[in-house]
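Please model the complete structure; the sequences and the hints are all you need to start from.
2 protein chains.
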Amino acid sequence: MQIIQNESLSAIKNKIRQATEQTVDSVVVERVDQIIAKVRENGDQALKDYSQSLDGVSLDDFLVDQAIIDQAYNQLDVGVRQALQAAAENIKSFHQRERAESFEDRTVAGVVRGTKVTPLARVGIYVPGGTAAYPSSVLMNAIPAKVAGVQEVIMVTPPQADGLNPAVLAAAKIAGIDRIYQIGGAQAVAALAYGTETVPQVDKITGPGNAYVAAAKRAVYGQVDIDMIAGPSEIGILADEDADPQALAADLLSQAEHDVNARAILITNSLSLAQEVSEAVECQLLTLPRQKIARQAIDHNGFIYLVETIDEMIALMNEVAPEHLEIQLKNPDSYLDRIENAGSVFLGKYTSEPLGDYFAGPNHILPTGGTARFSSPLGVWDFQKHIQYLSYDQMALQRDADAVIALANVEGLEGHARAIESRGTVND
Amino acid sequence: MQIIQNESLSAIKNKIRQATEQTVDSVVVERVDQIIAKVRENGDQALKDYSQSLDGVSLDDFLVDQAIIDQAYNQLDVGVRQALQAAAENIKSFHQRERAESFEDRTVAGVVRGTKVTPLARVGIYVPGGTAAYPSSVLMNAIPAKVAGVQEVIMVTPPQADGLNPAVLAAAKIAGIDRIYQIGGAQAVAALAYGTETVPQVDKITGPGNAYVAAAKRAVYGQVDIDMIAGPSEIGILADEDADPQALAADLLSQAEHDVNARAILITNSLSLAQEVSEAVECQLLTLPRQKIARQAIDHNGFIYLVETIDEMIALMNEVAPEHLEIQLKNPDSYLDRIENAGSVFLGKYTSEPLGDYFAGPNHILPTGGTARFSSPLGVWDFQKHIQYLSYDQMALQRDADAVIALANVEGLEGHARAIESRGTVND
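Heads up: the protein sequence lines correspond to chains P and R, in order. Just so we're aligned: the first sequence equals residues 101 to 528 in this note's numbering. Just so we're aligned: the second sequence equals residues 101 to 528 in this note's numbering.
Check before you lean on any hint, since a few could be wrong.
It does not matter which identical chain is meant; a pair holds if it fits inside one copy or across any two.
Stated by the list, open to error - Keeping only pairs whose Cα atoms sit at most 30 Å apart, straight-line, the calculated DSS-like set for lysine-lysine is:
#1 K216 <-> K192
#2 K216 <-> K115
#3 K216 <-> K449
#4 K113 <-> K138
Derived from the structure by calculation, the hints contain no laboratory data.
Structure representation (structure tokens):
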């Protein structure tokens, strides 16, 4: 890994900003617009046609039989099944703390003001097929929706000639997903956004996918809600001379192996640590099964920044705003207050980042590309909405009428003033 | 207003869905992309050029002097100023109830899991110029941001040859806005999203604007966060035979006067009420200053639906998912539980909708076009973000290592397993 020192903070900032700009492929956008139009026009028939032409699978029925799901669950390796169940429990107990509560305020005489918090009615989760089919992502998407109280959680996943991934089906059962349709790509997103004869319209679509899925989610945003469009995985590590270089290298590679565009950044004030981690990464790469992918990620977006002080380390990391942030410093908890921008923070020597990817309970669907400046992890808030309400009695309306009418007049909206006056506030 | 009866629920649903589809003007999108590129390239100079060519105002400095703001505040009509101050207090006290709180969970042995809730650092608010300059919108955008704890709230508004609207400047002072720049249109959105020599980059842009502003917000979404793209105003009313037709007509017109594309919908089970409201709307329109606008809105998107039962009334209104919903039925509070989709609900005879537009405290920036199915009013949640954190001790890592490794292996991500193993969990 490249070690960078003596670079100005602003030069580093610019490099970070440029590296994370998302580009849109207009050919993909055009193709996706066609697919969405076809699904809106022809419904299920369009889904069947695309399943045949794009996935090479001929289907009469998209719905996955409960018997197939149960079989996958029962035949799954017991250790894996128990690990999924334990992870699901942790994810559930963590996200239960996130629920927003309704409130009602009666502090103003004659006025009741409140907010009713309710779940979305129906949600769709996209789960990629093939080697990118991750049971952990099924849990991370579905469980917050269920904790929020969503009545119906629908999963879509591309049809596979040799059958769906059994670990994904088992995870869907454990997460309490209500229905699974074998539909993939932009056509699946269109079906969820607009509904077909078979697939009901949902209120929100979450989950990762390829460029077509991402473009389709962008296109239907507004018709339904979506989660953020996720970029490549990122890990940032703050470490000092006492950190274990082998563990840091392993953690950097755990994110680098996701994607050739993944980012792995170490910021340290120790030259010896920087050198040791750089060597450890090289050494560990030699035996990593996914070394081809991780190699490219490390070469293009793997950096070790060497700065003078811990203050500088933190300032720079707040600019990076990484998806995952490990703090491998003495008294790691003491720095949490100063972390302004990050998706999920991992504190101390034993808190290796994959604990969060799979098991501990915090979500692994996190803001990337610097969007941690303004975005949150996927959470219960993604599946709840707020409905305000207000009630005035006659006395309160009389009291406040003049103020409301004054404001309506200053905005030139006489119709607003008359609505207040129509209650007899003026001529009584 | 047109009275519609004996139409099937599904026919009505289709009409509603079609009426609210947003279309994008590709000419506007292309022009906006050019403007954004120019601002990114030339910074302040591009802002000056556009100010000259698009707004017809030549400016050396975009920042509005504090002396000008103070003067506007001091010279404002006392009644209007006091009304703005009282409204600001109500908005503040309501939104203080919305704050999400950090939590920390220690229920799993050896594990600390938590979420730190923090405000966004810097937010930009767009305020339209000319006759659409609404001081109430300044309060509604800025106060939730301030309640969330945003350090710096920046307002942008188009330069005006004859000076900025004094009520808007006074509202900005009352709301605690930190800086005001005289910049408008897509160029203002671009400046906030990317920063220039003068204008700092923000984390989120909120506030209404014309088609160019809306297209620019869409274009920079991802680079910064945005609020929803607002559609035309909407009011839905549920009323029975006991409701006051004059008051209902006045409330319908209070939203119709906003925009020729505004929607005003009454759903009732009383033919006589339907007829009386229809006549009252005609009569009140004759003397309304903004009758030209309201007339078009009523003609194109003003409907009275006559159905048999209150159950049908509620089911249909949940399909409409209106921005504003008035419940003018006996025991209005008893129906709140059954309202699934609405931005803000107004309960009972004295709760005229403009109370919410101006004064009572709930926000007036609300989901339109059916997006209340999945969106919330603007609130403190728009200006807070969540940062997860996790800490494992050695014993907890040993305990959970096998489960995490099993899940990493089933996903084919050996690098994740090795990160766990690198802590000596296997070979100790």
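TODO: State whether the alpha carbon distance between K113 and K138 is at most 30 Å within one copy, between copies, both, or neither.
DONE: between (44 Å within a copy, 21 Å between copies)
Task: Intra- versus inter-copy proximity for K192 and K216 (alpha-carbon distance at most 30 Å) - done: Intra 23 Å, inter 18 Å, cutoff 30 Å: intra and inter.
Task: Homo-oligomer pair classification [K449, K216; C-alpha up to 30 Å] - done: between (43 Å within a copy, 21 Å between copies)
Task: Intra- versus inter-subunit Cα pairing at 30 Å for K216 with K115 - done: Cα proximity of K216 and K115: across copies only (28 Å, versus 44 Å in one copy).
Violated hints are absent here; each numbered hint is respected by the structure.
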